[in-house]
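From just these sequences and the hints, can you work out the full model?
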Amino acid sequence: DVKVTQSSRYLVKRTGEKVFLECVQDMDHENMFWYRQDPGLGLRLIYFSYDVKMKEKGDIPEGYSVSREKKERFSLILESASTNQTSMYLCASQTSSTYEQYFGPGTRLTVT
Amino acid sequence: KNEVEQSPQNLTAQEGEFITINCSYSVGISALHWLQQHPGGGIVSLFMLSSGKKKHGRLIATINIQEKHSSLHITASHPRDSAVYICAVRSATSGSRLTFGEGTQLTVNP
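Chains A and B supply the protein sequences, listed in that same order.
Residue numbers in the first sequence follow this note's numbering, run continuously in steps of one, and reach 112 at the last position.
Residue numbers in the second sequence follow this note's numbering, run continuously in steps of one, and reach 110 at the last position.
What the hints contain is simulated information worked out from the structure, not anything from laboratory work.
Take these hints with a grain of salt, some might be off.
Claimed, not checked - DEER-style ranges, computed between Cβ atoms:
#1 B:G57 / A:E69: 39 to 47 Å
#2 A:R73 / B:R80: 15 to 23 Å
#3 B:Q14 / A:V52: 46 to 54 Å
#4 A:L41 / B:P39: 12 to 20 Å
#5 B:I65 / A:E22: 20 to 28 Å
#6 A:T15 / B:G16: 48 to 56 Å
#7 B:Q9 / A:K57: 24 to 32 Å
#8 A:L41 / B:T107: 15 to 23 Å
#9 B:Q105 / A:T98: 43 to 51 Å
#10 B:Q14 / A:T95: 36 to 44 Å
#11 A:K71 / B:Q66: 34 to 42 Å
Claimed, not checked - With a straight-line Cα cutoff of 30 Å, these simulated DSBU-like cross-link-like pairs (lysine-lysine) come out:
#12 A:K57 / A:K13
#13 B:K55 / A:K3
#14 A:K71 / A:K3
#15 A:K18 / A:K55
#16 A:K57 / B:K68
#17 B:K54 / A:K3
#18 A:K13 / A:K70
#19 A:K57 / A:K70
#20 B:K53 / B:K68
#21 A:K57 / A:K18
#22 A:K55 / B:K53
#23 A:K53 / A:K71
Said to hold, decoys possible - In silico negatives: residues of chain A with every beta carbon more than 10 Å from chain B:
#24 S8
#25 L11
#26 G16
#27 V19
#28 D26
#29 D28
#30 R44
#31 L45
#32 E62
#33 K70
#34 R73
#35 L90
#36 T112
Glycine included, every Cβ here is placed at the ideal spot set by N, Cα and C.
Take a look at the structure:
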């Protein structure tokens, strides 16, 4: 079974802090994604990566950056957290052969 | 107008009822996905289809490419089916990216 893990289930940070969200997958998938999920808006793509050190902006990249130094790990960075970044953050990995996405359990981030 | 529209947004059913959730999309697609999200956040993939019909247990997914429409059916619904069901499409031009509907909150009462 594919396993996608995220570093925290719940996180509380203060405005202005730098926040790191980590995602690790164990199936050697090429593609990895970071989404945020908000009520009434569904899942929105922040960034994705299709290979080590490769990244592309999604629909809402402002205020975020990413890092993929190793194939199994994709990190989301909030450079200076703001209250409007309070959300559920979901990571997913995807094999480029079937395009099925496998999701992590999510991190519920609260910025106060 | 969103590229992916789901209906209804909320659905309450009694145990044993037949349930249908609908998804319409406006772009040409390579595939359509149905996903399930239980309280607590975890999302699992139920189906990925590009034509016809797929069945897994009590779940059936159909797609009509010409009408740009898909349905997810649950037969003999059970309280454990209570979850958010999400439709997502991979468009013909988006590569590996998915575009998601807002989800349908299903509650099945005993």
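Here is how each hint holds up against the structure:
1. In this structure the supplied range 39 to 47 Å holds for G57 of chain B paired with E69 of chain A, their Cβ-Cβ distance being about 41 Å.
2. Between R73 of chain A and R80 of chain B the beta carbon distance is about 34 Å. The supplied range of 15 to 23 Å is therefore violated.
3. For Q14 of chain B and V52 of chain A, the Cβ-Cβ distance of about 51 Å falls inside the hinted range of 46 to 54 Å, so the restraint holds.
4. The hinted range of 12 to 20 Å is satisfied by L41 of chain A and P39 of chain B, whose Cβ atoms lie roughly 18 Å apart.
5. Here the CB-CB span from I65 of chain B to E22 of chain A is close to 39 Å, at odds with the stated 20 to 28 Å.
6. Checking the proposed 48 to 56 Å range against T15 of chain A and G16 of chain B shows it holds: the Cβ atoms sit about 49 Å from each other.
7. Look at Q9 of chain B against K57 of chain A: about 29 Å separates their beta carbons, and that is inside 24 to 32 Å.
8. With their beta carbons about 21 Å apart, L41 of chain A and T107 of chain B fall inside the hinted range of 15 to 23 Å.
9. A hinted range of 43 to 51 Å for the beta carbons of Q105 of chain B and T98 of chain A is inconsistent with their spacing of about 28 Å.
10. Restraint check, Q14 of chain B to T95 of chain A: a C-beta distance of roughly 39 Å satisfies the suggested window 36 to 44 Å.
11. The hinted range of 34 to 42 Å is satisfied by K71 of chain A and Q66 of chain B, whose Cβ atoms lie roughly 40 Å apart.
12. A C-alpha spacing of about 24 Å is found between K57 of chain A and K13 of chain A, which places the hinted pair at or below 30 Å, so the restraint holds.
13. Between K55 of chain B and K3 of chain A the CA atoms are separated by roughly 24 Å; this keeps the pair inside 30 Å, and the hint holds.
14. Taken as a hint, the K71 of chain A and K3 of chain A pair is honoured in the structure, with Cα atoms around 14 Å apart against an allowance of 30 Å.
15. Of the supplied pair hints, the one linking K18 of chain A and K55 of chain A holds, its CA atoms being roughly 20 Å apart against a limit of 30 Å.
16. Taken as a hint, the K57 of chain A and K68 of chain B pair is honoured in the structure, with Cα atoms around 27 Å apart against an allowance of 30 Å.
17. At roughly 25 Å between alpha-carbon atoms, K54 of chain B and K3 of chain A fall within 30 Å of each other, so this suggested pair holds.
18. Between K13 of chain A and K70 of chain A, the direct Cα distance comes to roughly 26 Å. Compliance with the 30 Å bound is thereby established for this hinted pair.
19. A distance of roughly 19 Å separates the Cα atoms of K57 of chain A and K70 of chain A; the hinted pair therefore holds under the 30 Å criterion.
20. In summary, the hint linking K53 of chain B to K68 of chain B is supported, as the alpha carbons are separated by about 14 Å, within the 30 Å threshold.
21. With a C-alpha separation of about 20 Å, the suggested pairing of K57 of chain A with K18 of chain A holds against the 30 Å cut-off.
22. Taking the CA atoms of K55 of chain A and K53 of chain B, the gap is near 35 Å; set against the 30 Å cutoff, the hint is violated.
23. This hinted pair checks out: K53 of chain A and K71 of chain A have alpha carbons roughly 9 Å apart, not beyond 30 Å.
24. For S8 of chain A, the shortest C-beta to C-beta distance to chain B comes to about 12 Å, beyond the 10 Å cut-off, and the non-interface label holds.
25. With 10 Å as the threshold on Cβ separation, the claim that L11 of chain A sits away from chain B holds: the shortest Cβ distance comes to roughly 13 Å.
26. At roughly 26 Å from the closest C-beta of chain B, the C-beta of G16 of chain A stays outside 10 Å, upholding its exclusion from the interface.
27. No beta-carbon of chain B is positioned within 10 Å of the beta-carbon of V19 of chain A; the least distance is around 18 Å.
28. Chain B leaves D26 of chain A outside its interface by the beta-carbon criterion, the shortest separation being 16 Å against a cut-off of 10 Å.
29. With a least CB separation of 16 Å from chain B, D28 of chain A remains clear of the 10 Å interface cut-off, as annotated.
30. With 10 Å as the threshold on Cβ separation, the claim that R44 of chain A sits away from chain B is violated: the shortest Cβ distance comes to roughly 8 Å.
31. Distance check on L45 of chain A: its Cβ comes as close as 6 Å (rounded) to a Cβ of chain B, failing to clear the 10 Å threshold; non-interface status is violated.
32. Taking the minimum C-beta to C-beta distance to chain B, about 18 Å, the non-interface status of E62 of chain A holds against the 10 Å cut.
33. With a least CB separation of 20 Å from chain B, K70 of chain A remains clear of the 10 Å interface cut-off, as annotated.
34. No beta-carbon of chain B comes within 10 Å of the beta-carbon of R73 of chain A; the shortest separation is about 19 Å.
35. A Cβ of chain B approaches the Cβ of L90 of chain A within 10 Å, the least distance being about 7 Å, so the stated non-interface status is violated.
36. Residue-level check passed: T112 of chain A sits 20 Å from the nearest beta carbon of chain B, beyond 10 Å.
Comparing the model with each earlier hint shows violations of hints 2, 5, 9, 22, 30, 31, 35; every other hint is respected.
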